[in-house]
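Number of protein chains: 2
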Amino acid sequence: MNKKTILTGDRPTGRLHLGHFVGSLKKRVEAQNDFNQFIMIADVQALTDNFANPQKVRDNINEVTLDYLSVGIDPQKSTILVQSMLPELFELTTYYLNLVTLARLQRNPTVKTEIAQKGFDKSLPVGFLVYPVSQAADITAFKADLVPVGEDQLPMIEQTNEIVRRFNHIYQTETLKECEAVLSDVRRLSGTDGNAKMGKSLNNAIYLSDSEEEVKRKVMGMMTDPAHLRVEDPGKVEGNPVFEYLEAFDNDKTGLEELKNHYRKGGLGDVEVKKRLIKVLEDLLSPIRERRQEFAQKPDFLREVLLEGTRKARLVTQKTLDEVREAMKLNYF
Amino acid sequence: MNKKTILTGDRPTGRLHLGHFVGSLKKRVEAQNDFNQFIMIADVQALTDNFANPQKVRDNINEVTLDYLSVGIDPQKSTILVQSMLPELFELTTYYLNLVTLARLQRNPTVKTEIAQKGFDKSLPVGFLVYPVSQAADITAFKADLVPVGEDQLPMIEQTNEIVRRFNHIYQTETLKECEAVLSDVRRLSGTDGNAKMGKSLNNAIYLSDSEEEVKRKVMGMMTDPAHLRVEDPGKVEGNPVFEYLEAFDNDKTGLEELKNHYRKGGLGDVEVKKRLIKVLEDLLSPIRERRQEFAQKPDFLREVLLEGTRKARLVTQKTLDEVREAMKLNYF
Numbered sequence: 003m004n005k006k007t008i009l010t011g012d013r014p015t016g017r018l019h020l021g022h023f024v025g026s027l028k029k030r031v032e033a034q035n036d037f038n039q040f041i042m043i044a045d046v047q048a049l050t051d052n053f054a055n056p057q058k059v060r061d062n063i064n065e066v067t068l069d070y071l072s073v074g075i076d077p078q079k080s081t082i083l084v085q086s087m088l089p090e091l092f093e094l095t096t097y098y099l100n101l102v103t104l105a106r107l108q109r110n111p112t113v114k115t116e117i118a119q120k121g122f123d124k125s126l127p128v129g130f131l132v133y134p135v136s137q138a139a140d141i142t143a144f145k146a147d148l149v150p151v152g153e154d155q156l157p158m159i160e161q162t163n164e165i166v167r168r169f170n171h172i173y174q175t176e177t178l179k180e181c182e183a184v185l186s187d188v189r190r191l192s193g194t195d196g197n198a199k200m201g202k203s204l205n206n207a208i209y210l211s212d213s214e215e216e217v218k219r220k221v222m223g224m225m226t227d228p229a230h231l232r233v234e235d236p237g238k239v240e241g242n243p244v245f246e247y248l249e250a251f252d253n254d255k256t257g258l259e260e261l262k263n264h265y266r267k268g269g270l271g272d273v274e275v276k277k278r279l280i281k282v283l284e285d286l287l288s289p290i291r292e293r294r295q296e297f298a299q300k301p302d303f304l305r306e307v308l309l310e311g312t313r314k315a316r317l318v319t320q321k322t323l324d325e326v327r328e329a330m331k332l333n334y335f
Numbered sequence: 003m004n005k006k007t008i009l010t011g012d013r014p015t016g017r018l019h020l021g022h023f024v025g026s027l028k029k030r031v032e033a034q035n036d037f038n039q040f041i042m043i044a045d046v047q048a049l050t051d052n053f054a055n056p057q058k059v060r061d062n063i064n065e066v067t068l069d070y071l072s073v074g075i076d077p078q079k080s081t082i083l084v085q086s087m088l089p090e091l092f093e094l095t096t097y098y099l100n101l102v103t104l105a106r107l108q109r110n111p112t113v114k115t116e117i118a119q120k121g122f123d124k125s126l127p128v129g130f131l132v133y134p135v136s137q138a139a140d141i142t143a144f145k146a147d148l149v150p151v152g153e154d155q156l157p158m159i160e161q162t163n164e165i166v167r168r169f170n171h172i173y174q175t176e177t178l179k180e181c182e183a184v185l186s187d188v189r190r191l192s193g194t195d196g197n198a199k200m201g202k203s204l205n206n207a208i209y210l211s212d213s214e215e216e217v218k219r220k221v222m223g224m225m226t227d228p229a230h231l232r233v234e235d236p237g238k239v240e241g242n243p244v245f246e247y248l249e250a251f252d253n254d255k256t257g258l259e260e261l262k263n264h265y266r267k268g269g270l271g272d273v274e275v276k277k278r279l280i281k282v283l284e285d286l287l288s289p290i291r292e293r294r295q296e297f298a299q300k301p302d303f304l305r306e307v308l309l310e311g312t313r314k315a316r317l318v319t320q321k322t323l324d325e326v327r328e329a330m331k332l333n334y335f
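Protein chains in written order, with the numbering used here: chain F, 3 to 335; chain G, 3 to 335.
Hints were generated in silico from the structure; no laboratory data involved.
Don't take every hint at face value.
Copies of the same chain look alike in the list, so a pair counts if it fits in one copy or across any two.
[To be verified] Cut-off 27 Å, straight-line C-alpha distance, at most; resulting in silico cross-link-like pairs (DSSO-like, lysine-lysine):
id : residue 1 : residue 2
1  : K331      : K120
2  : K114      : K124
3  : K238      : K29
4  : K79       : K281
5  : K5        : K262
6  : K79       : K331
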């Protein structure tokens with residue numbers, strides 16, 4: 003049986019952090035054995051709200067690639083590609099823009115929320131408004147069966163499948179393929195300050211590439227139960243980011259249960275719990291960090307990974323574009 | 003001194019008619035000796051409001067090419083190209099979309115008028131709304147100095163030059179070049195029914211490829227002075243399409259002046275004036291028609307004209323895209 007195709011990826015706007023690891027990187031490392039997995043470094047999409055800062059996007063292509071390799075994404079098993087290096091995606095986007103109304107784009111709940119968050123209002127760049135159409139081009143170009151997304155991204159999948167149905171209907175073809183969203187079963191990891199979102203701008207993220215000292219400093223500064231003032235006080239485990247992180251990363255589940263009971267009862271200081279978390283994170287991060295340093299010394303290898311991945315990806319996107327052009331009768335010669 | 007570059011072209015949505023001849027084709031034939039002239043068959047733009055009818059667009063690429071060659075556009079002097087075969091244009095459009103706000107696009111007077119005419123309203127396809135950005139990509143990709151336009155198209159040139167200035171400012175470059183609109187000094191030719199616009203949908207056009215019989219029939223059916231009922235009545239020359247056409251195509255200016263005076267005085271029937279117009283049009287159209295028939299028998303030559311023109315054009319658009327990517331720091335490898 004043919005392997006199913008997954009399309010996933012990241013905007014190269016910053017190094018990847020523990021939230022990415024739990025939410026997606028770990029799964030990609032597992033999935034690469036059983037699926038035909040394409041991992042897209044979405045620089046074109048990153049530019050839609052970073053167009054005035056292309057150096058940031060450029061630098062982070064390298065950082066994100068290092069993050070991928072250091073967590074165990076294997077370029078022999080997964081195809082890592084750079085979005086802007088696939089001209090077919092621009093062309094597909096253009097054709098799909100004819101199949102989507104302005105009213106429909108303006109109704110997209112994800113984009114609406116993001117527009118509000120970014121305060122675009124009257125200065126909304128058209129490139130940002132239409133990025134769901136560009137995503138539809140990405141997904142359909144690879145004929146992805148599965149697209150891992152967060153719940154807030156479901157409208158993107160709907161938009162893609164609408165375009166697929168409209169295209170296939172108008173051009174009387176079965177060229178394009180509907181995809182299925184794969185919702186993460188893991189809760190999103192909170193920031194070190196307890197904020198529901200972890201991110202660079204919030205300054206509450208632990209990066210996969212943070213040094214041992216940075217990890218220590220960040221964990222020691224983490225929010226805990228604000229009512230847990232003295233060691234002897236009983237503490238709350240729920241909503242306590244330190245325990246949330248232990249839950250996510252500590253493999254000694256029995257030990258963790260005991261720790262939680264002790265904390266709830268009182269007599270267990272935050273510093274001790276944090277020391278355990280530091281140890282757990284170091285067990286995870288030190289081999290990642292080591293591999294990252296090794297790969298960072300091989301710029302030629304990194305370059306080769308991206309060039310070769312993009313080359314392999316283009317074989318797929320070119321084939322899809324050929325079929326699309328044929329369906330649209332644009333195959334003149 | 004270097005020749006200046008002109009970008010011009012047509013949407014392949016129908017055969018070209020006398021209005022096109024007077025308004026642009028004639029000038030292109032002159033300009034090709036003194037300018038570096040690119041003539042774009044804008045199929046991608048045609049699809050923005052004909053996306054459900056790609057066969058029409060496809061068929062008319064051939065028709066328009068035949069029209070070009072038969073009026074004397076020389077592929078050795080002018081570069082004829084097919085828009086969809088230049089992938090660089092799609093990519094440039096995508097980057098420019100980040101530099102234009104939705105509010106700005108919605109203010110474009112030309113697009114506003116067209117949206118109203120086409121009755122798009124709530125079903126406005128995004129592809130149609132953004133076509134001025136795609137035009138900016140066309141113009142800047144060729145670094146056109148001059149763009150021949152009608153007065154109603156001036157907002158398109160403004161939009162292009164805004165994008166040029168914004169791009170050059172944001173990316174601290176001088177890569178993109180502002181262009182200059184060249185306004186036609188010829189009044190637009192009315193339809194045979196006196197309607198200010200000549201067009202297929204109005205069924206009031208005389209095509210360059212019409213047969214002698216069709217031309218005769220269309221001229222004999224032309225509107226004249228509605229008050230000129232009997233031969234002996236004085237007739238009006240102004241606003242009389244038959245005289246408008248004579249003005250545009252009759253090279254015997256003295257003879258025409260006499261005719262006009264006679265018509266004004268009375269005693270000259272419409273049929274006689276129309277017969278003169280038929281003769282004048284036949285003098286123009288019969289060699290065009292003859293050449294058209296010759297070229298129509300050489301599909302390989304036509305194909306070669308478009309492939310070779312597009313190949314030459316791509317050298318230019320690829321160079322521009324390389325420069326754009328460098329300015330945007332997208333030249334990763």
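Verification of the supplied hints:
With identical chains, the CA atoms of K331 and K120 are at most 27 Å apart between copies only, with a shortest distance of 24 Å across copies and 40 Å within one. In this assembly of identical chains, the alpha carbons of K114 and K124 lie at most 27 Å apart whether taken from the same copy (13 Å) or from different copies (18 Å). Taking identical chains as interchangeable, the C-alpha atoms of K238 and K29 are never at most 27 Å apart, the minima being 30 Å within one chain and 82 Å between chains. In the homo-oligomer, the alpha carbons of K79 and K281 never lie at most 27 Å apart, since the shortest distance is 31 Å inside one protomer and 74 Å across protomers.
Taking the shortest alpha-carbon separations for K5 and K262, neither the intra-copy value of 42 Å nor the inter-copy value of 80 Å comes in at or below 27 Å. Taking the shortest alpha-carbon separations for K79 and K331, neither the intra-copy value of 36 Å nor the inter-copy value of 30 Å comes in at or below 27 Å.
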